[in-house]
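Protein chains in written order, with our numbering: chain A, 1 to 977; chain B, 1 to 92.
Mixed in with the good hints, there may be bad ones.
[Claimed, not checked] Cut-off 25 Å, straight-line C-alpha distance, at most; resulting in silico cross-link-like pairs (DSS-like, lysine-lysine):
hint : chain 1 : residue 1 : chain 2 : residue 2
1    : A       : Lys583    : A       : Lys278
2    : B       : Lys75     : A       : Lys278
3    : A       : Lys868    : B       : Lys75
4    : B       : Lys75     : A       : Lys863
5    : B       : Lys75     : A       : Lys431
6    : B       : Lys23     : A       : Lys464
7    : A       : Lys416    : B       : Lys75
8    : A       : Lys868    : A       : Lys910
9    : B       : Lys29     : A       : Lys863
These are calculated hints, taken from the structure and not from any lab test.
Bear in mind that the values here come from a model prediction, so they are computed numbers and not experimental data.
Given next are the chains, with one letter for each unit.
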Amino acid sequence: MRISTVSLLDRSNQISFKFDGKRLFGYAGDTLASALLANNVKLLGRSFKYHRPRGVLTAGSEEPNALVSILKHGQLTPNLRATEVEIYNNLEVFSQNRWPSIKFDILRINDFLSPFLGAGFYYKTFMWPKSFWEKLYEPIIRQAAGLGRLSPVADNSKHEKAFAFCDILVIGAGPSGIMSAMTAALSGAQVILVDEDFICGGRLNSETFKVDGKAAFEWAKINVSKLRLMPNVRVFSRTTIVGLYDGNNYAGIQKVGEYLENPNEDLPDSVFWRIVSKKCILCTGAIERPIAFRNNDRPGIMMASAVRTYLNRFGVTPGKRIIVFGNNDDARRTVFDLQAKGVKVIAYVDSRKDVEKIPKVTSFINSVVINTHGVNLLSGITIKTGDITTFLKCDCLAISGGWNPTIHLTSHLGSKPIWNEAISCFVPQPKAVPDMEIAGAANGVFSTRMAMKSGVFRAREVLKSLDIKYEHIDVPETEDENYNCEPLWHVKGSGRAWLDFQNDVTVKDLKQSVQENMISVEHMKRYTTQGMATDQGKNSNVNSIGVMSELTGREIESTGTTTFRPPFVPVSIGAMGAGGSGKRFAPTRLTTSHHFNEENNAPSVEAGLWYRPNWFPKKGETSWRQSCDREVEMVRSKVGVCDVSTLGKIDVQGPDSAALLDFVYTNKISSLKLGKIRYGLMLREDGLVMDDGTCARLGSNHFIITTTTAAAGQVMRHLEFVLQVLRPDIDAQVISVTEQWAQFSIAGPRSRDLLNETCNEEISEETISFMSTLSVSIGDISACLFRISFSGEHAYEIAVPASYGDAMIRLLVSKAKKFGGGPYGMEALNVLRIEKGFITHAEIDGRVAAKDIGMLNMISPDKTCIGKAMANRPGLISDQREQLVGIKPLNEDEVLLAGAHIYCLDEAPKRVNNQGHVTSVCYSPSLKSSIGLALVKNGQKRIGEKFKMVDHLRNSEIIVNVTSPVFFDKTGSRVRG
Amino acid sequence: MRINCPLCGERDLVEFHYEGSSKLMARPKDENDMDAFHDYLHIRSNPAGLNNELWSHEYGCRAWLLICRDTNTHKILSIDLARDVKTKGSLD
């Protein structure tokens with residue numbers, strides 16, 4: 001119920017929204033929780049396990065109960081905290097975990113079955129039969145338990161990431177945060193001040209005391225405005241620091257478009273910040289803790305501090321007849337605030353012995369609340385004073401069990417907090433995090449003035465460490481009362497007393513945990529699920545440790561703490577991925593012929609980050625196989641053009657470049673003559689094959705080497721490793737020129753004719769023989785021609801500066817057409833190389849040694865090289881290793897499958913009998929059969945034998961012949977033209 | 001984590017490639033000494049504390065770096081260009 005006008009709301013801006021289909025009204029400045037309470041909506045959802053009715057407990061990000069789903073632009077976002085959601089016009093909100101309706105929920109029956117559903121119930125009950133768990137038990141339990149449902153449509157939310165750097169990051173803009181930021185800012189430091197609320201000020205917005213003679217919220221507003229205007233300060237409201245990582249990296253999530261009805265389409269819903277700050281001042285304040293007593297979870301029971309927030313900040317009273325129950329003086333403050341606003345306070349209950357009664361309020365001193373009553377909403381409570389019990393009617397119970405400093409971020413790097421007996425709460429260890437100071441209530445300094453003072457003091461410490469001169473700043477006069485709290489973790493008695501509201505964990509569950517000897521806090525947590533819900537036990541961890549210490553008779557220090565981990569509040573996966581979905585998941589690398597490929601309707605295939613054309617469909621072709629077969633025949637009989645720019649190209653120069661290449665390749669490169677090309681094999685230091693490629697000598701101290709597309713990055717890094725780490729004595733330089741040169745393969749019997757039509761120079765066996773290179777020109781453009789072949793045909797590769805790549809593919813294809821040729825894609829390229837038994841990383845998969853692919857003789861005996869020592873290990877030259885062979889189905893109508901395994905004909909197709917596997921397959925139009933490459937044990941000696949090829953996943957078993965890996969033109973005559 | 005590259009200044013972890021122990025700098029000279037190569041390639045200590053390791057500033061200047069890092073805290077105690085250290089011969 002709205003009872004007063006307050007300045008933190010804009011009463012001129014009425015906002016209409018829907019809750020479970022019903023239209024309601026609030027004002028700009030309301031949270032969803034305050035607007036619902038103003039409309040007397042107190043029942044907001046059903047609990048996770050027992051489906052108990054639940055309402056708002058808190059007024060902040062620690063809210064465990066008031067979780068809602070929001071529908072916006074067709075997208076349903078579950079589990080948002082109503083206490084943080086800002087209302088906007090036409091906001092659509094739904095309550096969760098109830099069926100058929102929030103007021104009548106069928107699974108409420110779980111609550112009556114609760115004696116059976118305690119901690120460990122699932123573990124013990126659904127043990128057998130084992131197969132039932134996945135198919136029967138789990139789906140049923142998942143249906144019943146839970147919070148909101150995921151949206152059925154694909155996530156269309158927009159998120160961005162951003163980076164910020166500063167001298168001092170101040171987390172929290174309450175009393176201590178504002179003073180810290182002001183001190184740092186006036187001294188000239190680069191400051192970022194963040195606050196998770198949409199109005200900075202923290203508790204100053206919720207309390208009635210004055211600061212410097214002004215209303216507290218006004219003081220906050222004035223000072224935050226001052227900070228916003230300073231050039232060295234950035235103030236981020238609606239921003240929660242969710243994690244702290246090594247090297248002073250802070251992760252923050254900022255709401256940007258998500259609180260607006262119709263955000264500008266350029267605005268993301270949220271921004272995921274990475275803030276790097278030299279120093280940090282943690283001013284996160286404290287979270288009030290509940291007290292566990294029987295039925296303490298009914299809607300209407302609320303934290304005392306939250307009652308004051310709704311009252312003072314939002315002008316809303318959560319009830320008409322309120323009782324306040326606490327163990328500290330903040331509970332008394334709540335009574336005074338309610339009285340001042342004219343709300344009826346039925347009674348004041350204080351568990352402490354020596355406190356004064358409150359005038360004009362029925363006061364129960366040295367008393368506790370032992371039970372609450374009501375159906376869906378709170379209707380009354382029972383108070384116990386000594387042996388006397390009193391029943392009182394009420395519609396709201398404000399509770400305060402004291403305050404817990406919000407120290408989560410101090411634990412993210414592993415520091416454990418320590419118990420402070422004097423103020424009965426956990427505080428961070430001194431220097432819990434390097435480069436972080438902790439000020440105010442977060443450090444157990446609870447009075448407002450002392451918190452402000454502590455903010456100034458900590459800022460001074462930080463400034464000193466940064467060598468920035470401190471400018472004096474006065475601490476304003478304000479509330480400065482002692483914090484007086486006697487711990488009360490739970491009220492003893494029968495029935496269920498809730499500790500963890502979100503996961504429905506009660507004191508009874510902890511008792512059972514202790515009975516079953518789960519007495520470590522970490523064991524208790526996992527057994528009962530206490531603190532494992534989306535609120536991560538912000539309201540319940542300390543209380544549970546308190547109850548555990550009572551149950552086990554240990555001191556709190558020795559009971560331990562659980563570990564706080566990031567994120568501090570739930571963060572959606574979309575926000576963390578921050579736009580990295582779909583095309584933005586990885587960078588896209590396009591070749592210079594990409595437009596040409598698209599114009600010719602060539603479908604793309606991803607090769608790492610590259611997009612390459614898969615085939616070039618011709619009119620009338622209905623399947624990829626038709627196109628591919630045609631392209632293969634075209635290359636074998638006429639000429640084909642293919643963009644091979646994605647292969648790695650590395651330019652090697654310097655007096656010792658030949659020495660470098662001798663060291664990284666197994667074969668000798670230094671003996672290569674000028675203008676000649678050699679195939680090269682690279683090993684890893686462990687003796688296994690790293691990559692293969694070609695090496696062309698352009699000058700006595702100048703080479704161009706190529707790598708496979710897949711290993712381009714790895715080889716480049718490897719060469720730099722050799723030059724910088726292993727052999728800085730080698731005077732050579734390497735640079736990747738993959739993107740600088742567009743390179744095209746021209747393959748087929750008519751390739752030379754095509755080039756003679758294209759280049760200014762005469763191309764003949766005399767000017768460029770197989771495995772040699774030639775400088776040519778096309779019009780005015782210089783190009784480099786290599787006579788190499790990956791197809792087995794008479795073939796060339798021509799490299800032009802990348803800026804001419806698009807023109808070059810068009811020119812080459814138009815010339816090719818004159819000879820009945822055309823472009824070919826990856827499918828045809830793959831068929832051409834399989835027919836010739838040429839390897840790719842499907843074969844050299846990181847487990848293959850030189851001998852396995854028949855290249856042992858490529859390891860030169862005359863020189864040393866990387867990997868040579870280990871390549872001689874007996875295990876790497878054994879005949880029992882899998883070796884490269886070709887395979888062909890016995891029946892030529894049958895189809896080989898890549899990834900299938902090879903077995904002897906008379907052995908069962910089981911893992912222990914495995915003889916090898918199929919690495920690459922294709923249909924060979926030249927051989928009119930399915931063919932493949934395979935790695936088979938001792939395969940080179942078993943050529944001619946028959947085996948079974950079995951694919952367990954695709955249910956195929958056929959008989960295959962093991963052959964030589966070279967299927968086509970075994971003598972290699974075609975390549976020499 | 002942030003790494004202060006001697007050539008580029010302080011940069012985010014994502015720019016760097018982690019290779020492993022700095023032991024990789026001391027490649028055995030004798031090709032036939034299988035034990036030495038075995039030790040060089042496979043035997044690593046796993047210290048809780050200071051560790052000398054090789055990183056590459058792969059998305060920056062591409063320098064190989066020798067970094068001394070505390071594995072407990074990720075605090076970096078020293079950063080040098082691997083080339084400089086190797087040239088001085090202190091690890092060989």
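Open item on the list: Check whether the Cα positions of Lys868(A) and Lys910(A) lie no farther apart than 25 Å.
Closed with: violated, 35 Å
Open item on the list: Against the 25 Å threshold, does the CA-CA distance of Lys29(B) and Lys863(A) hold or violate the hint?
Closed with: holds, 13 Å
Task: Pair hint outcome, Lys75(B) versus Lys278(A) [Cα-Cα no greater than 25 Å] - done: It holds: about 14 Å lies between the C-alpha atoms, which stays within 25 Å.
Task: Given hint Lys464(A) paired with Lys23(B) - CA-CA distance at most 25 Å - done: violated, 40 Å
Open item on the list: Run the distance test for Lys868(A) versus Lys75(B): straight-line Cα separation, threshold 25 Å.
Closed with: violated, 37 Å
- [ ] Assess, step by step, whether the Cα of Lys583(A) is no farther than 25 Å from the Cα of Lys278(A), and give holds or violated.
- [x] The given pair, whose Cα atoms are some 35 Å apart, is violated under the 25 Å limit.
TODO: Would you check the hint for Lys75(B) and Lys431(A), treating anything up to 25 Å between C-alpha atoms as holding?
DONE: Holds - the C-alpha atoms of Lys431(A) and Lys75(B) are around 15 Å apart, at most 25 Å.
Task: Hint consistency between Lys416(A) and Lys75(B) [alpha-carbon to alpha-carbon, up to 25 Å] - done: Cα-Cα ~19 Å, so holds.
Open item on the list: What's the verdict on Lys75(B) and Lys863(A), does the C-alpha distance respect the 25 Å limit or exceed it?
Closed with: violated, 42 Å
Checked against the numbered hints above, the structure breaks hints 1, 3, 4, 6 and 8 and satisfies the rest.
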